[in-house]
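Residue strings, one per chain:
Number of protein chains: 4
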Amino acid sequence: MSVGSEGRIPVAVLGATGAVGQTFIRLLEGHPFLEVSELAASERSAGRLYREAMSWHEGKLPEHLMDLTVLPCDPGAVKSKVVFSALDSSVAGSVEQAFARAGAVVLSNAKNHRMDADVPLVIPEVNADHLMLIDRQKEARGWEGAIITNSNCAVAPMTMALAPLHAAFGVRQAVMVTLQAISGAGYPGVPSLDILGNVIPHIPGEEEKIEPELNKMLGELEAGQVVNAPIIVSTHCNRVPVQHGHTVCMTLGFESSAGPEEVLEAMSEWQGHSICKGLPSAPSPPLVVRPEVNRPQARKDVDEGAGMAVVVGRVRSDPLMDVSLTAMAHNTVRGAAGGSILNAEVLGRMGRLPGVTEGAW
Amino acid sequence: MSVGSEGRIPVAVLGATGAVGQTFIRLLEGHPFLEVSELAASERSAGRLYREAMSWHEGKLPEHLMDLTVLPCDPGAVKSKVVFSALDSSVAGSVEQAFARAGAVVLSNAKNHRMDADVPLVIPEVNADHLMLIDRQKEARGWEGAIITNSNCAVAPMTMALAPLHAAFGVRQAVMVTLQAISGAGYPGVPSLDILGNVIPHIPGEEEKIEPELNKMLGELEAGQVVNAPIIVSTHCNRVPVQHGHTVCMTLGFESSAGPEEVLEAMSEWQGHSICKGLPSAPSPPLVVRPEVNRPQARKDVDEGAGMAVVVGRVRSDPLMDVSLTAMAHNTVRGAAGGSILNAEVLGRMGRLPGVTEGAW
Amino acid sequence: MSVGSEGRIPVAVLGATGAVGQTFIRLLEGHPFLEVSELAASERSAGRLYREAMSWHEGKLPEHLMDLTVLPCDPGAVKSKVVFSALDSSVAGSVEQAFARAGAVVLSNAKNHRMDADVPLVIPEVNADHLMLIDRQKEARGWEGAIITNSNCAVAPMTMALAPLHAAFGVRQAVMVTLQAISGAGYPGVPSLDILGNVIPHIPGEEEKIEPELNKMLGELEAGQVVNAPIIVSTHCNRVPVQHGHTVCMTLGFESSAGPEEVLEAMSEWQGHSICKGLPSAPSPPLVVRPEVNRPQARKDVDEGAGMAVVVGRVRSDPLMDVSLTAMAHNTVRGAAGGSILNAEVLGRMGRLPGVTEGAW
Amino acid sequence: MSVGSEGRIPVAVLGATGAVGQTFIRLLEGHPFLEVSELAASERSAGRLYREAMSWHEGKLPEHLMDLTVLPCDPGAVKSKVVFSALDSSVAGSVEQAFARAGAVVLSNAKNHRMDADVPLVIPEVNADHLMLIDRQKEARGWEGAIITNSNCAVAPMTMALAPLHAAFGVRQAVMVTLQAISGAGYPGVPSLDILGNVIPHIPGEEEKIEPELNKMLGELEAGQVVNAPIIVSTHCNRVPVQHGHTVCMTLGFESSAGPEEVLEAMSEWQGHSICKGLPSAPSPPLVVRPEVNRPQARKDVDEGAGMAVVVGRVRSDPLMDVSLTAMAHNTVRGAAGGSILNAEVLGRMGRLPGVTEGAW
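Protein chains in written order, with my numbering: chain A, 1 to 361; chain B, 362 to 722; chain C, 723 to 1083; chain D, 1084 to 1444.
Hints are computed from structural coordinates only; laboratory data are not their basis.
Fair warning: this is a prediction, and the values are worked out from it, not measured in the lab.
Some hints could be false.
[Claimed, not checked] The list that follows gives simulated cross-link-like pairs (lysine-lysine, DSS-like), each with its CA atoms no further than 25 Å apart:
no.	chain 1	residue 1	chain 2	residue 2
1	C	K833	C	K860
2	A	K60	D	K1143
3	A	K209	A	K111
4	C	K782	B	K421
5	A	K138	A	K111
[What the hints assert, rightly or not] Okay, the calculated beta carbon distance ranges per label pair:
no.	chain 1	residue 1	chain 2	residue 2	range
6	B	P641	A	G170	51 to 57 Å
7	D	S1351	A	T357	46 to 52 Å
8	B	A667	A	E255	45 to 51 Å
9	C	G815	B	P652	37 to 43 Å
10	C	S996	B	P641	34 to 40 Å
11	C	E774	B	V588	45 to 51 Å
12	D	E1291	C	G815	46 to 52 Å
13	D	E1291	B	A721	56 to 62 Å
14	B	A667	C	S777	27 to 33 Å
Where a beta carbon is used, it is the ideal one built from N, C-alpha and C, also for glycine.
All chains should be built: construct the whole structure from the sequences, respecting the hints.
Given below as structure tokens:
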């Protein structure tokens, strides 16, 4: 296969013109192992220069990609064997399958395949071992490639905050109330007339994803299958006038009794799965516990760990269940593009990316 | 006693220069029964014209009050026997007592006396009968006047939303997560650098008030004492960049089984205590149930019922408890000044305001 | 012709589902002379109930209109002879002509015909006499009806603030820098990701309208034609995260020397054209001059005169020209729907609306 | 004198607990030549640990400074001979003089001495040569040290945008309308109730500074004195709900005729004074000209050049003067702490900082 400059693996971004696609590009700029070499998008954009196909962008995009011709989202046109998918769910399902069938490892941010039994849904600090599902997936589907997904952006901070607690105390039930940033809705996304100085107490399709995705990621891999965790989750999802950073207020009940001190200790000590250690996108530590009474705050803490850490605070005793706390994470980095990139890094280290030798990273 | 113009009862506002004080004045402008005739404030302001004592104001204040001389918060200087207190809690305790001792009926928005056993804490649609506590208060304290309080601004929508549900199904437990407007912190209040494009996951002193105030108001008056309701309440209080309107995400567990349909029916039919009927500040209905999936919204619904209604939406089944819903109310109207004014109106109708005959209103 | 309830004139709103269309409906609710009896919109909406054709609305709309069937924007389907047009400029041109040809008086908020020599562009306090252009228009075009336009939303506060100054001192040149609210872009309009915590220093198509519209309205009607005013205008249009209310910073140079005192006097005394006096939508006074150093402010002053007044402040001497000041007006009321309605009221009083006798209003 | 670690010059920050003081500390973290070794603040803070003396902070501050004991703002207590002053103007005047008298080079962000004839007011890309005023200052005042000031935060983008234009065409007159970020007011600064969803058309004391500071910096040094530029400047200063980044809409008239092309060329080619070249805080280029019609935008462009560049856009012909454009700069970096630091770097390169050899940097 072709090799990127300086030995980096060439990758493609599908859905490159949208908000998440652009985030992939920004985060991959300067990546030590991966190099964006192809950009693909919808029919409307294909064939145009990337610079012209984007009607909008946030922040700076690498000048050297601006004059790439946008490719169609078609494995016949895209040569990279490592593909990041920022596709809209209206098209992601079949396009991602076509790429996997054609031999690509597809790291997808789309919801379409997350709950497929043979598709790993992974936050690698939490469940890197689930990546082994791709063996079953390849076999069952007869694919040379595979699809690996990351979670919904609001589920990411929940899963990471709960991982050490579920391991230590068994999380039995949770009330999760989110205050989600506008960037979670993409671009153009939320009209300013709807959200300026306002709260919208509903996000279409969001609450339904939380319990299943959380329980899949916190589940155990047994005999090549994920046995979901049994946490009962009550959810309220709210949109708030914040640019980046989803805040989650959690009230948690455990199987075995634990109070704030035990929870703080479990969180502070948690390092996540050791395979992530030292990878370029792996934050260290994955959970940052703040002692202040009024943290985490989206605007102030969102870039913690280069946007990949989950920031936790307000761990306290709860009169109804066991413990209450607040967690926050960057929704387009940890909760979207950054999560996919870290999945790719772990797969590479495992020798499961085309062109990468196990342990080379 | 002196009588205001057109037979209206003259009233004083203590703490008249602050944000809540100004809200009292605005809401009382044009009131059919009550007329602001005295304004009192701290030493710093006393003796100055009201126009000059205020360094800031929101919205328009009545021109005819602007040239009143601000009085000290001293019952020797203030003649009105109906007194609204917008005092800061650092001084409200003793000042309100002094006025009650001197024969005034004090309608207080301050927290100081809310939990005193002989002081009514009242949202009259919910617990107008608790007003009878003033007989015990007067007797126990040897006062001619009395202190009547209204609740914390975030507790108001909780109490009103729960009142019909507690009556019908017995609320056993609740998780209450608030998204509170900046006006709840008064002026200057929250610095813009802290809240613009941000969420602050803590409000000093707020969470502690919720369970006790809610349970006192939902309690039963038995043998002249309030027997508190036994609801276990878990709370998270957040500040959000919204001007007015506190939103509360509630997850509720009942004693007797009830689902969304029963809850919707109970809320839609609820009229509140009949003594409120037709009073100038009483919204009709007190709960406005919206069918849309994304309401209530603070900016769009905050003026429902002239700011005195609680707007409810998203009533749905909950996997963990029984029902989830979202409620919202105007924090400086229903949750502060407007609540005090409605308490005064009810007291007047009961014949418990100096100078007002029972049933005259 | 048919007559509305209580003798009110029935009117239609074209483009009724959009943001400006809804503002027309809200402002006309309870109007003493005019009654919305027909709603028309694009093909996509025609034939549906109004309630269902709107995917979004701001504030409350009258319940009694919700079950009207939306009509197509076709004079064959719409019977009202007084028609308010909130149409998008992509269709307004031909549709408004068709209605005028069919005998309707069309009060248009669209830009299409504003600069036609025989179409009045009117803020009636300023140039009600320009309404006489409709005689020429009818004759020239052979129409029974006519088109009357109101100005761009940012031009409205400029024109009203300058009217008394141009009359008194002759405005020679002006630098106009606007800070415009998001509601000026309609719905969905400005994406929140673009404007939250930001300023956008450009509004497509806006700056080009300012000098010509301002000079047409401040021009003199001579021999049946408008002779434009000769003011040279430099403009910068900015979008800011404000819901309603366009602020304009003005630096003004006059023909005859005048300073802040003269300007303040001219503005304070200005009553506007006498034909507006007492009309339902006419603010009194049309210019509200605030003495505070930090007014007008959009959020605090936008509802002055029920949204129809222009609020002016910071009148001061300018080192470069003569005087600087800041003006602000409600962009969807004074600058759009309210302006059209006031134009209709003036035409009615002049006996120029079908079914209304001169002087009856 | 003492030397910091790795040969870096030790510096003190006066007013270290405030918003600008913290920005100094953040920007100096990791500086190759300068090292914060002393923190000083008001009596209230002196003697406490820095960590405890700050009631608030934005972003992360270096952990290794947190346990420094805050010193009083007294040259007897502060040993560093390079001192950054983030003092409030109520105390800056005498304190800065005391430090200069005691031999320190004081790089001040305060307004107190900016207009003193023998105090340089410097943006070094524009007028590094004015730094020679310190010779006259030392001599006239008999000081071993000196005071060097940087400009008001809104004047910084004006001066940098005008520098190449004034050199090339002679700027004769300018209308400057600012849209200024809330961080310009420090902390707690602007109350959120005043600015959320609003524009405040006035900033106390701001407009008065613009013409004199701009003309001093664009003036020529002749015979050891600054001969001010003669630009007549009309100003409107507005506060907008933006976190960082002051936007300035400029309308400019030149001595010699020039249009947008000439202006664009002059700006694009401008490199600023060569002495800045390669210094750690010097952006390259100092002016970033954006071709898009809707740039610069505060939120998107504020970090250009690590917050030290001025971003310019919308250069166009003006009907009244010559050219209009919009400029934007980071107000707490380029317009405050970063500007002072760059002044220090230039002084160091000139051999005018205690302990630094000319040309060593």
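Need the list of violated hint numbers for this structure, in ascending order. Hint check: nothing fails, all pass.
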